[in-house]
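Chains as they are written, first to last, in this note's numbering: chain A, 2 to 131; chain B, 244 to 540.
Please keep in mind that the hints were generated in silico from the structure rather than gathered at the bench.
Beta carbons: idealized from backbone N, C-alpha and C, even for Gly.
Be a bit skeptical, because a hint or two may be false.
[Unchecked claim] These stretches of chain A come out as covered by chain B in the derived footprint (C-beta under 8 Å, 3 or more residues):
| # | stretch |
| --- | --- |
| 1 | 28-42 |
| 2 | 45-55 |
[As the list claims (entries may be wrong)] Sample of chain B residues at the chain A side, in silico, Cβ under 10 Å:
| # | residue |
| --- | --- |
| 3 | Val-277 |
| 4 | Arg-346 |
| 5 | Tyr-349 |
| 6 | Asp-353 |
| 7 | Asp-411 |
| 8 | Ala-414 |
| 9 | Ile-417 |
| 10 | Gly-418 |
| 11 | Ile-441 |
| 12 | Asp-443 |
| 13 | His-449 |
[Stated by the list, open to error] No more than 25 Å apart at the CA atoms, straight line, and that leaves these computed lysine to any residue pairs for SDA-like:
| # | chain 1 | residue 1 | chain 2 | residue 2 |
| --- | --- | --- | --- | --- |
| 14 | A | Lys-73 | B | Gly-275 |
| 15 | A | Lys-73 | B | Glu-424 |
| 16 | B | Lys-373 | B | Glu-424 |
| 17 | A | Lys-73 | B | Leu-248 |
| 18 | A | Lys-73 | B | Lys-373 |
| 19 | A | Lys-73 | B | Asp-335 |
| 20 | A | Lys-73 | A | Ile-52 |
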Amino acid sequence: MRVVLSNSAGAPLYQQIKEQVGTAILSGELAEGSALPSVRALARDLRISIITTTRAYTELAAEGFIATVPGKGAYVLPLDSALVREQLLRQVEDGLQTALDAARRGGLDRDDLIRILDGLIQAEQQETIQ
Amino acid sequence: MSSDLAFALRGVGAAVGRKFALRDVSFELPTGYVMGLIGANGAGKTTIIRCLLGMREIDTGEIELLGHRVPGPSDLRQDIGVVLDHAFLVGDWRLTDVERVLRPFYPRWDGARYRQLLDEFGIELRAKVKELSRGMSMKLMIAVALSHQARLLLFDEPTSGLDPVARDELAGIIGDFLTDEGHSVLFSTHITADLDRIGDYVTLVHNGRVVRTGAKDEILDAYRVVRGGPEDLGGLVGVELIGARHTSTGAQALVRTEEADLLGGRVLVEAPTLEEIAVHIGARAPHPKPLSTGRTA
Numbered sequence: 002m003r004v005v006l007s008n009s010a011g012a013p014l015y016q017q018i019k020e021q022v023g024t025a026i027l028s029g030e031l032a033e034g035s036a037l038p039s040v041r042a043l044a045r046d047l048r049i050s051i052i053t054t055t056r057a058y059t060e061l062a063a064e065g066f067i068a069t070v071p072g073k074g075a076y077v078l079p080l081d082s083a084l085v086r087e088q089l090l091r092q093v094e095d096g097l098q099t100a101l102d103a104a105r106r107g108g109l110d111r112d113d114l115i116r117i118l119d120g121l122i123q124a125e126q127q128e129t130i131q
Numbered sequence: 244m245s246s247d248l249a250f251a252l253r254g255v256g257a258a259v260g261r262k263f264a265l266r267d268v269s270f271e272l273p274t275g276y277v278m279g280l281i282g283a284n285g286a287g288k289t290t291i292i293r294c295l296l297g298m299r300e301i302d303t304g305e306i307e308l309l310g311h312r313v314p315g316p317s318d319l320r321q322d323i324g325v326v327l328d329h330a331f332l333v334g335d336w337r338l339t340d341v342e343r344v345l346r347p348f349y350p351r352w353d354g355a356r357y358r359q360l361l362d363e364f365g366i367e368l369r370a371k372v373k374e375l376s377r378g379m380s381m382k383l384m385i386a387v388a389l390s391h392q393a394r395l396l397l398f399d400e401p402t403s404g405l406d407p408v409a410r411d412e413l414a415g416i417i418g419d420f421l422t423d424e425g426h427s428v429l430f431s432t433h434i435t436a437d438l439d440r441i442g443d444y445v446t447l448v449h450n451g452r453v454v455r456t457g458a459k460d461e462i463l464d465a466y467r468v469v470r471g472g473p474e475d476l477g478g479l480v481g482v483e484l485i486g487a488r489h490t491s492t493g494a495q496a497l498v499r500t501e502e503a504d505l506l507g508g509r510v511l512v513e514a515p516t517l518e519e520i521a522v523h524i525g526a527r528a529p530h531p532k533p534l535s536t537g538r539t540a
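So that you can see chain B by itself, here it is in the shape it has in the complex:
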């Protein structure tokens, strides 16, 4: 297994009852970079993270994590830091208790670093877990991960419920973590503005499948947002309108860049943001309908 990958999922499928939660999911992150996992609620982001962590069994495919096949050896846990959208620590613990409880599980635990990080983040050691705001709980989980010297940080929706200042601080903390070339970050989110800047790689998931994965700039280059009058985006041969939205004044859709040239001159063609890509792909009907069902006919 190649060690220059932080992780790789290959053909991963996971079922819930008779329904698929994940279907043929394949993507990978090179060591040393940050990837954003984007999708609407229920798209499968959290399931992917749980599979990566070995917290959930997969039915098909395989997962490689830091050079091991999941489930890896138990000390693989040392190398991974998890930041979930809810604190997994007991509310009544003081932060000194957090250290006391977690330390035995992590032979590389660095108590001085834990206290230094909490100090940097402006968190009182005597505070209780339940007294912390969302931003502070997230920083506590990051401090824990960095104190046991994780090489891969997994964030599940870290920025939901964070104010802009805390989100900017998080971008700084991630940037700081990544100054070490052996460190990597996976970051699931539905708030794409954070990734527009710091993301190196992006994976778009929808209905349990990977819609697109790769370097962020290549994905941004692969699509165009097109806007036109109510009649302008209808009956085009060879152009798939992704997540088209029609109103009485106009229509907007996402198209593949190579197909954008086929549109007439009256249509406005612009580079998309990640948010526009996510919105249009998320709005796509699960079973593509013929274009004639639109209101443009």
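For reference, chain A alone in the conformation it holds in the complex:
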């Protein structure tokens, strides 16, 4: 498991851990059944407080990513397909919102946007054919 904490990032440490572990699970980098370090071992390795790592794991467990075994550690749960879909949907929405904001600043309208999107889809299809 790879966790890199930033001291200058605005996000609290527990959130940085939660997001990095969550992303690794969604991307398949951490497979179903993988063991995660215990909250206490992770706190030691990252030189942070136990309360912080406990909070990160508690939230990951609440969102269905991991299960924790008291006194042992934690492991990655099978990915719930509805959960994955939900996360991906959010990524699509975030990406489109960014595109929309840029389009507004650039004075592009709805038709321009749809043309660009169609163009991107076509280009991707041609790439897969080749």
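Given the structure of chain A, go ahead and fit chain B onto it with the hints provided.
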């Protein structure tokens, strides 16, 4: 007495002559966590640790330590490791003598663990106590505590006089110790940077009283640092400026988070570090003066 507490002080008072060294001090640490005891020199940190250890009598209140009321049974000593800012061992002893002298006092003494720890810490068994640097003496005291299998480590100013590498090593040693859920650490310091990361709980002491105690994140959330021009932080109703500092270019103070909203938009409001909280609370006058005595009027 509940056993899920490493220790608890309840209404503890201790007098020196007619002056109070500690006044109505109450705080507790759940088993399995690390707490930082923060305050300026003379705030009462060492007195609190001495009271916890039963090295100093208290005049009021009570202290619970690992499920016993202090002074507890004499074998309670087994469970507690003490790391002071000065070595309490005789300078001419070699580290093999340290073991020979201490072993009889601790039925659970583990000689193999002692030698293994000294080896891990890079300390020669043949060295004399007086030849060790500050960092090494601290590690020796930790090795002693871990060799008699203490469950609670009390550090008095462990990081003062330590270089950054040794301080980082100490954070690692504490983290390692705490991988056992039955272990706890209390750590007095005026260097708060170490606690910004590894501290679970924080207790702020000032003039022999507890100013604030609780989970570190809650304490950080409870205050804001505010900065403004020379005129910006004056005459505010309902906002207590804690440890306000005024200069010709501006003013800075600590405020309670719920009061920060009452400040005008020209004031910069930021989350504090533990150091900023400690500095401002430490700078607070013992007897709060009305705000109009500031230079903002």
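Hints and how they fare:
Figure legend: the stretch 28-42 of chain A, annotated as covered by chain B; annotation consistent (3 residues with Cβ-Cβ distances under 8 Å, at least 3 required). Counting residues of the stretch 45-55 of chain A whose beta carbon lies closer than 8 Å to any beta carbon of chain B gives 8, which meets the minimum of three for the stated coverage. Hint status for Val-277 (chain B): holds, given a least beta-carbon distance of 7 Å to chain A, under 10 Å. For Arg-346 (chain B), the suggested interface contact is broken, since its CB lies about 29 Å from the closest CB of chain A, more than 10 Å.
Checking Tyr-349 (chain B) against chain A by beta carbon gives a least distance of about 26 Å; that is not within 10 Å, so the hint is violated. At its closest, the beta carbon of Asp-353 (chain B) sits 21 Å from a beta carbon of chain A; the interface hint therefore is violated under the 10 Å criterion. For Asp-411 (chain B), the interface hint holds, since its Cβ comes within 10 Å of a Cβ in chain A; the closest pair sits about 7 Å apart. About 5 Å separates the beta-carbon of Ala-414 (chain B) from the nearest beta-carbon of chain A, less than 10 Å, and the hint is met.
Using the Cβ-Cβ criterion of 10 Å, the hint placing Ile-417 (chain B) at the interface with chain A is satisfied: the shortest such distance is roughly 8 Å. For Gly-418 (chain B), the shortest C-beta to C-beta distance to chain A is roughly 3 Å, which falls under 10 Å, so the interface hint holds. Interface restraint check for Ile-441 (chain B): the shortest CB-CB distance to chain A comes to about 6 Å, inside 10 Å, so the restraint holds. Taking 10 Å as the C-beta cut-off, the interface hint given for Asp-443 (chain B) holds, the closest approach to chain A being about 5 Å.
Because the beta carbon of His-449 (chain B) sits about 23 Å from the nearest beta carbon in chain A, more than 10 Å, this interface hint is broken. For the given pair, Lys-73 (chain A) sits about 15 Å from Gly-275 (chain B) by alpha-carbon distance, which is consistent with the 25 Å threshold. Restraint check for Lys-73 (chain A) and Glu-424 (chain B): the C-alpha separation of about 11 Å stays at or below 25 Å, so the hint holds. About 35 Å separates the Cα atoms of Lys-373 (chain B) and Glu-424 (chain B), which puts this hinted pair outside 25 Å; it is violated.
The straight-line distance between the Cα atoms of Lys-73 (chain A) and Leu-248 (chain B) is roughly 22 Å, inside the 25 Å bound, and the hint therefore holds. Distance check on the hinted pair: Lys-73 (chain A) and Lys-373 (chain B) sit about 42 Å apart at the alpha-carbon level, beyond 25 Å; violated. Of the supplied pair hints, the one linking Lys-73 (chain A) and Asp-335 (chain B) is violated, its CA atoms being roughly 44 Å apart against a limit of 25 Å. Of the supplied pair hints, the one linking Lys-73 (chain A) and Ile-52 (chain A) holds, its CA atoms being roughly 17 Å apart against a limit of 25 Å.
Hints 4, 5, 6, 13, 16, 18 and 19 from the earlier list are contradicted by this structure; the remaining hints agree with it.
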